[in-house]
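Generate the whole structure from the sequences, applying the supplied hints.
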Amino acid sequence: MDDFWKSDDWSMSDEPNASSGGSVLVVVSAGQLAAAKSLLGAAQSIAPYLGANVVAALLGGDDAAADELLKVGATQVWLVDVATSGLLDDAAAALAALAQQGSVAVILFASGERGDSLAGQVAGRLGAGLVVGAQSLSVDYGSQQVQAVQPIYAGAGLATWQANGKPAIFTLRPDIATPSLNRPATGKVARFDYAATGELLKVVRREHSPLQQEMLRAKVIVAGGYGAGAAGFAALKELAATLGGVVGASKSAVAAGWATREQQIGMLGQTVRPDLYIAVGISGTPEHLMGIAEGATIVAINSDPRAPIFQLADYAIVGDAATVLPALTARLKKLYASD
Amino acid sequence: MKIVVVVNAVPAERVSVTAGKLDFGEAAMLGPASRAALYLALAVSDEVTVLATGELAAAEDALREALAYGAQRAILIAASDQRGATDYAARADAVKGALEQVESDLIICAAGSYALARGSFAPTGALLAGMLGRAYIGGVESLVQAGDLEVTAREGDELLTYAVPAGTQVVLGVSNPAPAAHELPWFGGILNAYHGGEVERQAVAGEGKLTLSQIGPAPRRDGRELLTDPAAESVAVLVESLRTRSLI
Numbered sequence: 001m002d003d004f005w006k007s008d009d010w011s012m013s014d015e016p017n018a019s020s021g022g023s024v025l026v027v028v029s030a031g032q033l034a035a036a037k038s039l040l041g042a043a044q045s046i047a048p049y050l051g052a053n054v055v056a057a058l059l060g061g062d063d064a065a066a067d068e069l070l071k072v073g074a075t076q077v078w079l080v081d082v083a084t085s086g087l088l089d090d091a092a093a094a095l096a097a098l099a100q101q102g103s104v105a106v107i108l109f110a111s112g113e114r115g116d117s118l119a120g121q122v123a124g125r126l127g128a129g130l131v132v133g134a135q136s137l138s139v140d141y142g143s144q145q146v147q148a149v150q151p152i153y154a155g156a157g158l159a160t161w162q163a164n165g166k167p168a169i170f171t172l173r174p175d176i177a178t179p180s181l182n183r184p185a186t187g188k189v190a191r192f193d194y195a196a197t198g199e200l201l202k203v204v205r206r207e208h209s210p211l212q213q214e215m216l217r218a219k220v221i222v223a224g225g226y227g228a229g230a231a232g233f234a235a236l237k238e239l240a241a242t243l244g245g246v247v248g249a250s251k252s253a254v255a256a257g258w259a260t261r262e263q264q265i266g267m268l269g270q271t272v273r274p275d276l277y278i279a280v281g282i283s284g285t286p287e288h289l290m291g292i293a294e295g296a297t298i299v300a301i302n303s304d305p306r307a308p309i310f311q312l313a314d315y316a317i318v319g320d321a322a323t324v325l326p327a328l329t330a331r332l333k334k335l336y337a338s339d
Numbered sequence: 001m002k003i004v005v006v007v008n009a010v011p012a013e014r015v016s017v018t019a020g021k022l023d024f025g026e027a028a029m030l031g032p033a034s035r036a037a038l039y040l041a042l043a044v045s046d047e048v049t050v051l052a053t054g055e056l057a058a059a060e061d062a063l064r065e066a067l068a069y070g071a072q073r074a075i076l077i078a079a080s081d082q083r084g085a086t087d088y089a090a091r092a093d094a095v096k097g098a099l100e101q102v103e104s105d106l107i108i109c110a111a112g113s114y115a116l117a118r119g120s121f122a123p124t125g126a127l128l129a130g131m132l133g134r135a136y137i138g139g140v141e142s143l144v145q146a147g148d149l150e151v152t153a154r155e156g157d158e159l160l161t162y163a164v165p166a167g168t169q170v171v172l173g174v175s176n177p178a179p180a181a182h183e184l185p186w187f188g189g190i191l192n193a194y195h196g197g198e199v200e201r202q203a204v205a206g207e208g209k210l211t212l213s214q215i216g217p218a219p220r221r222d223g224r225e226l227l228t229d230p231a232a233e234s235v236a237v238l239v240e241s242l243r244t245r246s247l248i
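Which chain is which? The protein sequence lines are A and B, in order.
Under this note's numbering, the first sequence has 147 at position 147, and the numbering climbs by one with no breaks.
Under this note's numbering, the second sequence has 23 at position 23, and the numbering climbs by one with no breaks.
Derived by calculation from the structure, the hints in this document are not laboratory data.
One or more of the hints may lead you astray.
Simulated pairs of lysine-lysine, DSSO-like, Cα-Cα distance not exceeding 27 Å [stated by the list, open to error]:
#, chain 1, residue 1, chain 2, residue 2
1, B, 96, B, 2
2, A, 202, A, 219
3, B, 2, A, 202
4, B, 2, A, 166
The model shown is predicted, which means the values in this text are computed figures rather than measured ones.
Here it is as structure tokens:
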């Protein structure tokens, strides 16, 4: 292994200021400073209770990016020079070696398809425990082990996991914490040289194929279900246009022919991340709700007061779409006209 | 080519928390990403084994559904009792143990999951790849057998096609359900699944590194407002509130 790994002559555990509890290692990719800040904030919230340093591993970044991490709380930054696109095997191997080199208690990643995958590969290599999509971290006073609260089954419950042993690996939902520090960059930056094995698998074709960006990037989505009815879809299109949003649909509405397959939201369709999600005539099946990422403010309009979506909604209007939608659109038009 | 597809059984109804334990209801089905993973496997091989871990009492139903789609063999692995919650590392470890009994050239794992928060991904395939020291390709959308196996995976706005030579050890992850969204089991498969198909059971304990301390219901969201007044009044309250929160 030594033939492959070359690093400076300092390691995380050998640092003069290193604490007895080892390190909380925050893994970030270049260009993801917002996510890095949230992860560093979470790391700072648990590190003192573990007697640990906060260390960052920056994938594919440079000295300037490392300085940014030092300013917001990292005491050390490792620059890990591996490919951050395509396969993540080299990144996973490098991070596992980095963790094995020092005394790492906890490793944090940003949750998402790539973050969860990379965390999984590292956890598999290290034989570590893994909690994905955690919404908060804490330290149990008695055992000194890290605990994570994880939303499960589309918001049906919260599971609290306790790590047994080190390192424990967590991927965290966005914006769960903010760093408490904003200071001059005084920590150390070093390179973790990794002799990449080279991609075992070669890319033979690369094709530009944009996703349905309009739906995925929309800040406002007005979605209709079977309960909206064919006439309701015309009304919710007008509402979406008034709000500068886009129209989405449930599986049932697509099956009824009122919307296209590209507009379908849910596990069988697209996962969307709007700020405001207005669900009209949608009952709220698990299949549909899984397509709305956490963080959206949900307005539900449904004539059935027992509709499951009301359990998840921030605002619930019990009423018929044919009555509520025109009233809502008219109210908004009046508001925008007066602004 | 012998393919093992690791699938998720998902509850057919909304999950609830009862006395600190997850209640999945009576019925389970093959998850959408699992169906897509199986569909991709069946497109390039007629030697497909499906594996599921038994978080749900009705996981066997999901495996029978997989047999109906055309899988040749179905194995249900007993899961450690975590009151219904999923310890993915323990799950991957159990799958790894089961794979010692099943010959495979390729492993495909469903990465979509009902068991997590909305927008999260099940890391079973990535964990398994790490444990086995295999390469991992996530976001897989198509498989084509053209000499080498060609695996096309999404990365942002690009589709990358990898050539996987025969004998290469690789784990694939499938999160997009689209490839099988409109596929239905074939009639002969349904008959086979319920008359000839058998779901084998294996007791393989996965080593967990986590302890479940607690399961509780999610707290009601702050600021939830139930508006039952006539439409005009409800709409007025809603618009004012959304405006205050700078959402409109």
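Comparing the hints with the structure gives:
1. Under the criterion of a C-alpha separation no larger than 27 Å, the hint pairing residue 96(B) with residue 2(B) is consistent with the structure, at around 16 Å.
2. Simply put, residue 202(A) and residue 219(A) have alpha-carbon atoms about 37 Å apart, too far for the 27 Å limit, and the pair is violated.
3. Between residue 2(B) and residue 202(A) the alpha-carbon distance is near 22 Å, which keeps this suggested pair within the 27 Å criterion.
4. Taken as a hint, the residue 2(B) and residue 166(A) pair is broken in the structure, with Cα atoms around 36 Å apart against an allowance of 27 Å.
Comparing the model with each numbered hint stated earlier shows that hints 2 and 4 do not hold.
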